[in-house]
Amino acid sequence: SQTIHQWPATLVQPVGSPLSLECTVEGTSNPNLYWYRQAAGRGLQLLFYSVGIGQISSEVPQNLSASRPQDRQFILSSKKLLLSDSGFYLCAWSVTGIAGNTIYFGEGSWLTVV
Amino acid sequence: RKEVEQDPGPFNVPEGATVAFNCTYSNSASQSFFWYRQDCRKEPKLLMSVYSSGNEDGRFTAQLNRASQYISLLIRDSKLSDSATYLCVVNTRGYGQNFVFGPGTRLSVLP
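Read top to bottom, the protein sequences are chains V and E.
Letter by letter, the first sequence follows residues 1 to 114 in my numbering.
Letter by letter, the second sequence follows residues 1001 to 1111 in my numbering.
To be clear, the hints were calculated from the coordinates, so they are not data collected in a lab.
Computed from a predicted model, the values in this text were never measured in an experiment.
Note that the Cβ used here is the ideal one computed from N, Cα and C, for glycine as well.
Among the hints, a few may not be true.
[Claimed, not checked] To spell it out: a stretch of chain V is covered by chain E in this simulated footprint if at least three of its residues, at any positions, have a beta carbon under 8 Å from a beta carbon of chain E; those stretches are: (1) 41 to 54; (2) 103 to 113.
[Claimed, not checked] Have a look at the derived ranges for each label pair, beta carbon to beta carbon: (3) V:Val12 <-> E:Tyr1051: 41 to 51 Å; (4) E:Glu1056 <-> V:Leu83: 39 to 49 Å; (5) V:Gln13 <-> E:Ser1068: 20 to 30 Å; (6) E:Asp1039 <-> V:Gln13: 21 to 31 Å; (7) V:Asp71 <-> E:Ala1067: 37 to 47 Å; (8) V:Arg42 <-> E:Ser1081: 34 to 44 Å; (9) E:Ser1108 <-> V:Lys80: 34 to 44 Å; (10) V:Gln73 <-> E:Ser1026: 31 to 41 Å; (11) V:Gln2 <-> E:Gly1054: 39 to 49 Å.
[Said to hold, decoys possible] A partial selection of chain E residues facing chain V, derived with a Cβ cut-off under 10 Å: (12) Phe1034; (13) Tyr1036; (14) Leu1046; (15) Asn1091; (16) Gly1104.
Could you build all of it, start to finish, from the sequences and the hints given here?
As structure tokens, this is what we get:
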């Protein structure tokens, strides 16, 4: 069965510090991968998605970036965090044609920028 | 107009009540539809897919009206454990498969 792992689960970072969140998917090949952000009390905002290694699409301009160095690995990064980057970050995956193209989420990473 | 809209909530209902959630979407090319459940400070989890003919899973019934671009979720005999935020999700197939999430409707089932 497919599983998705995301880490770290929580982190507190000072303004201006770098960020790296990592996500890996197991049990599937060539998944579509996503990074979402959810601010407190708000809906999910798509940040990046990827259909393959090295292929990243950005949905919103921001000081975040994403990379996909391996088929089942997706990394979210920032060189300098802003207070507004605080939120709940979720990695997710989907595979075309399986289970109605359902999207599945990792457990999420809570980021507090202070 | 937002792509996916839901009842603003919150809904506070007693145990055993029947509660209905409504969702509308703006993209007529949307192809797949889902309801997700999100517990406080947790990731969203798939509750059920929504099919054109309507579908039922125990106490949960989902309906889709493509002509009206409307989706619904009905929960019968609500339990305390049903308390969560319910997210309507629409997939408009395209590059990278675009899943669009509604803002969610929070449900509190009270004893």
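Hint check results:
| no. | hint | result |
| --- | --- | --- |
| 1 | 41 to 54 | holds (count 7) |
| 2 | 103 to 113 | holds (count 7) |
| 3 | V:Val12 <-> E:Tyr1051: 41 to 51 Å | 44 Å, holds |
| 4 | E:Glu1056 <-> V:Leu83: 39 to 49 Å | 46 Å, holds |
| 5 | V:Gln13 <-> E:Ser1068: 20 to 30 Å | 46 Å, violated |
| 6 | E:Asp1039 <-> V:Gln13: 21 to 31 Å | 25 Å, holds |
| 7 | V:Asp71 <-> E:Ala1067: 37 to 47 Å | 40 Å, holds |
| 8 | V:Arg42 <-> E:Ser1081: 34 to 44 Å | 25 Å, violated |
| 9 | E:Ser1108 <-> V:Lys80: 34 to 44 Å | 39 Å, holds |
| 10 | V:Gln73 <-> E:Ser1026: 31 to 41 Å | 34 Å, holds |
| 11 | V:Gln2 <-> E:Gly1054: 39 to 49 Å | 28 Å, violated |
| 12 | Phe1034 | 7 Å, holds |
| 13 | Tyr1036 | 9 Å, holds |
| 14 | Leu1046 | 6 Å, holds |
| 15 | Asn1091 | 6 Å, holds |
| 16 | Gly1104 | 6 Å, holds |
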